[in-house]
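All chains, please: the whole structure from these sequences, using the hints.
Given next are the chains, with one letter for each unit.
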Amino acid sequence: MSTPMTGPMNGQDKLAHLLLMREIEDFLYREADLLDEREFNAWLELFSDDIRYWMPIRKNLSFKNRERDISGDHETAWFDDNRKTLQSRVNQIMTGVHWAEEPLSRVSHLISNIRIEGEYRDVEGAEILVKSHFLVHRNRMETETAFLAGRRHDTLRRVGSSFKICKRKIIIDQTTLTVKNLSFFF
Amino acid sequence: MSTPMTGPMNGQDKLAHLLLMREIEDFLYREADLLDEREFNAWLELFSDDIRYWMPIRKNLSFKNRERDISGDHETAWFDDNRKTLQSRVNQIMTGVHWAEEPLSRVSHLISNIRIEGEYRDVEGAEILVKSHFLVHRNRMETETAFLAGRRHDTLRRVGSSFKICKRKIIIDQTTLTVKNLSFFF
Amino acid sequence: MSTPMTGPMNGQDKLAHLLLMREIEDFLYREADLLDEREFNAWLELFSDDIRYWMPIRKNLSFKNRERDISGDHETAWFDDNRKTLQSRVNQIMTGVHWAEEPLSRVSHLISNIRIEGEYRDVEGAEILVKSHFLVHRNRMETETAFLAGRRHDTLRRVGSSFKICKRKIIIDQTTLTVKNLSFFF
Amino acid sequence: MKSAITVGGATNWFVDRNIFSSADIYQQELERIFRRAWLYVGHESQIPNVGDFFLTKMGEDSMILTRDQEGKPRVMLNSCRHRGMKVCRYDEGNTKLFYCPYHAWSYGLDGRLVGLPAQKESYDASFDKSKWGLVQVAQVATFKGTIWATWDPNAPPFEEYLGGAADALRVGLGPWDAGDGEVEVISGVQKWIIPANWKIVAENCAGDTLHDISHRSVDLARIGPGEGVGRRDPFGKLYLTHHREGHGLLYEKFDIHAPREHYSSSPETAAYFQMTWKKRVERLGERAGNAPVLGNIFPSSGFHVGQPRTIVAAHPRGPNETELWRVFLVDKAAPPAVKDFLRRYYISYAGPAGMTEQDDMENWAYATEACGGTGRSLQFHYGAAMGQSHQDPLIPGNVSDQFWSEQNARQLYTRWQQFMDAKSWDDLRFEDAR
Amino acid sequence: MKSAITVGGATNWFVDRNIFSSADIYQQELERIFRRAWLYVGHESQIPNVGDFFLTKMGEDSMILTRDQEGKPRVMLNSCRHRGMKVCRYDEGNTKLFYCPYHAWSYGLDGRLVGLPAQKESYDASFDKSKWGLVQVAQVATFKGTIWATWDPNAPPFEEYLGGAADALRVGLGPWDAGDGEVEVISGVQKWIIPANWKIVAENCAGDTLHDISHRSVDLARIGPGEGVGRRDPFGKLYLTHHREGHGLLYEKFDIHAPREHYSSSPETAAYFQMTWKKRVERLGERAGNAPVLGNIFPSSGFHVGQPRTIVAAHPRGPNETELWRVFLVDKAAPPAVKDFLRRYYISYAGPAGMTEQDDMENWAYATEACGGTGRSLQFHYGAAMGQSHQDPLIPGNVSDQFWSEQNARQLYTRWQQFMDAKSWDDLRFEDAR
Amino acid sequence: MKSAITVGGATNWFVDRNIFSSADIYQQELERIFRRAWLYVGHESQIPNVGDFFLTKMGEDSMILTRDQEGKPRVMLNSCRHRGMKVCRYDEGNTKLFYCPYHAWSYGLDGRLVGLPAQKESYDASFDKSKWGLVQVAQVATFKGTIWATWDPNAPPFEEYLGGAADALRVGLGPWDAGDGEVEVISGVQKWIIPANWKIVAENCAGDTLHDISHRSVDLARIGPGEGVGRRDPFGKLYLTHHREGHGLLYEKFDIHAPREHYSSSPETAAYFQMTWKKRVERLGERAGNAPVLGNIFPSSGFHVGQPRTIVAAHPRGPNETELWRVFLVDKAAPPAVKDFLRRYYISYAGPAGMTEQDDMENWAYATEACGGTGRSLQFHYGAAMGQSHQDPLIPGNVSDQFWSEQNARQLYTRWQQFMDAKSWDDLRFEDAR
Ligand code: FES
Ligand code: FES
Ligand code: FES
Ligand SMILES: [Fe+3]
Ligand SMILES: [Fe+3]
Ligand SMILES: [Fe+3]
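Chains as they are written, first to last, in our numbering: chain A, 1 to 186; chain B, 1 to 186; chain C, 1 to 186; chain D, 1 to 434; chain E, 1 to 434; chain F, 1 to 434.
Please keep in mind that the hints were generated in silico from the structure rather than gathered at the bench. Predicted model only: the values in this text are computed from it and were never measured. For glycine and all other residues, C-beta sits at the position ideal for the given N, C-alpha and C. Just so you know, not all the hints are guaranteed correct.
[To be verified] To be clear about the criterion: a stretch of chain E counts as covered by chain C if any three or more of its residues have a C-beta under 8 Å from a C-beta of chain C, and this derived list gives those stretches:
| # | region |
| --- | --- |
| 1 | 40–54 |
| 2 | 81–95 |
| 3 | 293–303 |
| 4 | 342–355 |
| 5 | 360–366 |
| 6 | 369–383 |
[As the list claims (entries may be wrong)] The calculated label-pair distances, taken between Cβ atoms and stated as ranges, are:
| # | chain 1 | residue 1 | chain 2 | residue 2 | range |
| --- | --- | --- | --- | --- | --- |
| 7 | C | Glu124 | A | Glu117 | 20 to 30 Å |
| 8 | E | Arg112 | D | Gln28 | 36 to 46 Å |
| 9 | E | Met275 | C | Gly125 | 51 to 61 Å |
| 10 | C | Ala42 | A | Glu37 | 37 to 47 Å |
| 11 | F | Gly71 | C | Ala42 | 39 to 49 Å |
| 12 | C | Asp49 | E | His390 | 47 to 57 Å |
[To be verified] Within a straight-line C-alpha distance of at most 27 Å, the following computed BS3-like cross-link-like pairs (lysine-lysine) qualify:
| # | chain 1 | residue 1 | chain 2 | residue 2 |
| --- | --- | --- | --- | --- |
| 13 | D | Lys96 | D | Lys129 |
| 14 | E | Lys279 | E | Lys237 |
| 15 | F | Lys131 | E | Lys2 |
| 16 | F | Lys131 | A | Lys64 |
| 17 | B | Lys164 | A | Lys131 |
| 18 | E | Lys423 | D | Lys2 |
| 19 | C | Lys64 | E | Lys237 |
| 20 | B | Lys14 | C | Lys14 |
| 21 | D | Lys144 | D | Lys279 |
Rendered as structure tokens:
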């Protein structure tokens, strides 16, 4: 179990840890709801200015190369957005003439397996590595349907009574995408 | 993070809040198990007598009308049950001659993203708005398979040491259903 | 809500209960990550030497026989592994010539609905029955895709500051499997 | 094609199962039936105003139903004439133009091509915009609020097409008091896809009395709108009737003087029903006791008159798949509480969550599946109560002597065979109806 | 059809890949092979009592296997004669009647139509219920506990159909001690769908010795039932044999006097095996040292005799898809601990979670995929060890000189071609076998 | 086949929609186009060393692209000659052998069969291993780093095939400074499947200027690499040009003396661009002001020269499905920060998450869908700016007078029809080009 960096936990530490976990869950679930309720600009507010929003591609490699089957920092990716390009994506949807999302997709983000990786300190500006799994369901037009599953590695930065996501790495399972586009978020 | 309505939380409040969250999770997971284990009558006991069990339909609308893409209170829906009609559904299954469920479907309800929306008071009779996401998998006969994803808005009413669900709004992502029937619950 | 066997919970009990729930969640999510990150030998370490890793088959039966639609202890199953055969499975993958997993599948285990069934005592060697739901996504080669959903009944045995899984019963929804093999874990 | 129907002795009336599974026959159906017949496309209450539109279907095609500047309903193929893109991608709305997202051709409410980027630069003066409007159906008709269309210019006028079924629609689609009030669609359409051939749905809508027993679970669970009833309030005596045009219907006859206690579990609804029933009797006299219950307009537009009040269009999607579009109707003038009670009852009865329709669909799905494999060489049996019909002064059509009859299904497949064999509507029209 | 087989010189024996991908050829296979051949449908231990039923498959069809009032196994199409609905929707059970959920026709255990609502009212006296029972197969046979059926009344009796493969089944399906004890199916069937053509599965079951190397991962991981073995206890010397009827088998020969230490990781099982082995030798003498290992009964009923002891039916589902049904067998008299050890070993070896079969399926799937695209115009190579067979006094059939031979696959496709070309069983029976 | 093209008056140039939906025509395309034409298969930077391999596609087939012992690129069908299994199952890597998992045949880097278990025992001396190597394409060519292949031995050499489009590729695939430096693929390939016919993709890549308006959302959202620009930095004046070989291209002309402020939002990139731009002008002089922008090499290999710099291969997967493989290119010598900025911009523009390509794909998908149902009997309209082209001293090919022209699509379908009608390359080669 993840622990604060402050050594063995006393009762108060324990309570603090439990509250932090709830806070993180609440934060990520709210984030999912903002997306599913199409509050895209409010959603963007959850990201820091230095966000890296990154979805590498996957490859089929031999057993001995299995660890390289997620593309690296400077390789081709599906997404590799910063704050500005993320904002562009939102702006594009808000034009009302982004045909790939007009009419808007109906999306559900199921977020599960939330846990903190490693030790952490919960102080202003500190960063916590949070892992989660996702299942994103997208349905649009008549019967266009996609289920995409994978994992996320989020770095949450403590900012006051909330967090900013300052890095999101999205690891999907598909190599060849069977969905025609990625006009929605993860 | 949702907070009790009692102002800033002290240590005891915090513990109470965490316990409440667990209680809600436990309640909703148990509910899912009752369904998946086909304890339909026990499942029904979790609903209040004034339950509205409601699944609106979805529509493709233009960007500016996007907020109306969930059908309204008096429009066509998939489900709009009260206690009596919910009981009828259960009774129908228990006849053993409800052919759409004979043999019974094998169903799994994955419930995630559980959170309280807004402030709450946890006193007898008080109502708490709980949001969650679902993935319902249904398999029956040889290879009939459906995955339906979406969100639920549940109103839980405190009754003694447990809750009654007094309103459930089920928001699915599909407009045109690709499943032949909805003979199972959400 | 599940309670410790020690009678009505006092404040300390409550905190302990909440910590235990988190510990179980963390344990099961870490387990999922070990699988999804292909740390198969580390994953195996989470199981006790007397593990029964069991996935019965499902059947279509009449309403009155519905409770027998999960195959029994001595009937045909999909998996019925002990520690040795589980280890063989891992060893097989590690040969690098297990063609069904070469190249390796890309798998995500979404674990949800975690709860303790029944009363429990959290002392060394004690066993806790933990129920959960799973959605396992498997993608490999170009477009081979499978989503398998169901429930797990895990018996966790307290060993020091962690657990060992000493029984896992995996209840899937499919009767006829629509996936060509089960060369991955649940 | 070789006839799919085999008729032998007094109980031998068979239909080849392969017409429910063959991809070739399915393609021919799209051409010979769905591009010739009149199809239900919507209801006037769905497009009350100029510029209102509603996306609908005919056969496999996405169609725009809209009300043009003259207030006329239009039915047009939802596909740009340039490179085919859908020019309307919203289920409903109000617009002045249908604008193509691909290269921005735009079309008026009447389907005319009105805008075209670079027209001056890139299109010769010889380009005749009037020839490049949206593809329109050949004929549109309205009937008691419902809207129908056909691709075939040689199809007879809609009322001729209806033949003797017009009476049932005229009565069944009107308000309960048989007056001039409007009936409206409850906003929204239930759309869902089932693994069944469209004809099995049609045959059900046409009145498959023998399958009554399949609904035992709802009768036992008493899902009806009255205290103590099964799935519906009690009917009078029921009669099947069919028409040479391929339509099949069910009527009931009852004593208009006997008390009727329908909708007893909702006092407002019961009261509304008593009030309208009284007016109906005043207006129609004895004829009020001869009422259509349900029916199918060839090929696959089904309706229920009362419990529930609904129209379902069975759109084909291949031999093994059908997309059902179901709407529910209420008297516009009914009080909100009544509308609400009915809405809830209707959707608990029909649609994918409808407790009654669920069991129907289970049977339709596996009947369809049985037409593959060895089933390809087998036949279905439609021999119940052959040759037992009569004329009735108050029920148009060939009225079955027997309630347990398959006459309506037989007429459906007889007409189906005629459409499949016909070269054109010349072979299908009835001389005496022109 | 044009022959799919090309035979040239001493190593040239090719099969067109398109027979593994063509939809047309697949449809012909359903008619010419699966409606003519004897197919494995189940085991007597699955329906011990009158009224017991078990849903099975033949080709693409759902079939009911039941035991009628006279105790005879019956095999019937699971489709109501009225409108096709499945009359049995449970994998197994016990019943008196098969009741149709749609319109309530009901059928006896022998398939006869026994109930029919409204019969008196709606069906003329000319309606002959005896003609409207469930569709029955033409012949049913039982053999050492297994049950087989064929649609073709002109198919030869089952033992004639087996030809020289009867010996392998007679020995292989019996108990380990070669006595009169029963063998039973471990309750439950593994059913799963793989993206492979059924013939590739059949060719594997018939003895594809060359693919042994594909199982290196299990040999390395030592999944066998003995300490230190690979995936199985050691065999004696292995011989392929095949029969003109299309069946392919693998036998082993070993010295019955040499010590055998099988199942060494389970003392109870090892003891049970020693005990039965001793009895077997007493009963059979030297012949105990000539044992069938595995085989395929044409077209696609495969079996393994020992490690694991299992029967698999490969049901076709289109050119690219096969549904496998696998059961495991044990001596009824074996102690529970032995049954349990074997059950666990068997399912860790075969089935979708079987470590050995997983690697087979991977190869089958991509071999099938390779028959589309450019593959349509290519051929597979079956030239290993051509023309190298002999007769053996203790192993029936054409016994390969070479272990690494593709003779059994060649015989499978030779017989396949005969079935595809034959007009009827007249062209397929062997005169000297009648 | 009957021509799918109808040409009438000055604005009448139609293509039958059914060529985008017919399964039969699709099968013919695989044979007559994808097995005859030169197809893009990869880039030299993806296999720099001997033994490097990269899995690629031609038509529906999985192909191995590898560099053999002599350093030559080889293109071979990824299917074992024995029983078809894939001998290479990794997207990329380095190897000495392609080893088949099924029965262990193994092949060298040049495709030769080098290993074969039991060869001595089971294969006659007559077995000629040299005939059983992996199936190889007929011709392989490299061109400015790109690698191309064709199945047809009679196809003309690649540069003849390119015809006048060679200029655009020579310039477009080279480094920005027009020097001798290398261009490399950014590691990794975006692969995804879209529900669109491959020709609709090709027609877009060939220069569909009229659809510019469909990208209004990105122009409004300003996703370009410069401050204040829409989706790209400003172009000069744009010209469509096409070649009789079926290729369509877009060029721009601009004043080389005017200041260019591209990539203004990334200072490093802007600086790198200024530097290379200066060198380019030094090297090419005025010709630097005539630059290819994008194009399609018949049938479906598309490329963009600058914003983004990318190659896309549209692999057919049935009439309604296409698998897109997209790579991005950068100057090998560019600083890491520049490569990184470009990589991010490129993938935000193109690919499934590319804000621009997303709207394209939406249109392609529903244009394809519109070719089923009633669409089967309709036609697409390609009449914009007919007969309005000229020759340009600096732009090879037939240069459109009009920016808003569909000339390139017309040439694509004209060439498509020639391929579909041709018996062989004899009917397709241009005499004057040999
Ligand atoms: S497809 Fe509509 S304008 Fe081109
Ligand atoms: S289908 Fe069986 S009774 Fe009608
Ligand atoms: S398929 Fe490759 S060796 Fe047999
Ligand atoms: Fe019904
Ligand atoms: Fe094998
Ligand atoms: Fe574009």
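Outcome of the hint check:
Coverage of the region 40–54 of chain E by chain C is violated in this model, with 0 residues showing a Cβ closer than 8 Å to a Cβ of that chain against a need of three. Under the rule that three or more residues need a Cβ within less than 8 Å of chain C, the assignment of the region 81–95 of chain E holds, with 5 such residues. Only when three residues or more bring their CB closer than 8 Å to a CB of chain C does the claim for the region 293–303 of chain E stand; here the count is 0, and the claim is violated. Using a Cβ-Cβ cut-off of 8 Å, 8 residues of the region 342–355 of chain E lie near chain C, which meets the minimum of three, so the contact claim holds.
Counting residues of the region 360–366 of chain E whose beta carbon lies closer than 8 Å to any beta carbon of chain C gives 4, which meets the minimum of three for the stated coverage. With a cut-off of 8 Å between beta carbons, the region 369–383 of chain E has 0 residues touching chain C; three or more are needed, and the interface restraint is violated. Range check, Glu124/C to Glu117/A: Cβ separation about 27 Å, and the 20 to 30 Å hint holds. Remark: the range hint 36 to 46 Å for Arg112/E to Gln28/D is upheld by a beta-carbon distance near 38 Å.
In this structure the supplied range 51 to 61 Å is violated for Met275/E paired with Gly125/C, their Cβ-Cβ distance being about 39 Å. For Ala42/C paired with Glu37/A, a C-beta distance near 39 Å keeps the hint of 37 to 47 Å intact. Look at Gly71/F against Ala42/C: about 43 Å separates their beta carbons, and that is inside 39 to 49 Å. The beta-carbon spacing between Asp49/C and His390/E, approximately 52 Å, falls within the hinted interval of 47 to 57 Å.
Among the hinted pairs, Lys96/D with Lys129/D is consistent with the structure: their alpha-carbon atoms are about 18 Å apart, no more than 27 Å. Distance check on the hinted pair: Lys279/E and Lys237/E sit about 22 Å apart at the alpha-carbon level, within 27 Å; holds. Restraint check for Lys131/F and Lys2/E: the C-alpha separation of about 25 Å stays at or below 27 Å, so the hint holds. For the suggested pair Lys131/F and Lys64/A, the alpha carbons sit about 33 Å apart, so the restraint of at most 27 Å is broken.
Straight-line distance between C-alpha atoms of Lys164/B and Lys131/A comes to about 33 Å, which puts the hinted pair past the 27 Å bound. A hinted pair counts as satisfied when its Cα atoms are at most 27 Å apart, and Lys423/E with Lys2/D qualifies at roughly 24 Å. Straight-line distance between C-alpha atoms of Lys64/C and Lys237/E comes to about 52 Å, which puts the hinted pair past the 27 Å bound. Distance restraint check for Lys14/B and Lys14/C: the Cα-Cα separation of roughly 12 Å lies within the 27 Å cut-off, and the hinted pair is therefore satisfied.
For a cut-off of 27 Å, the pair hint linking Lys144/D to Lys279/D stands: about 19 Å separates their Cα positions.
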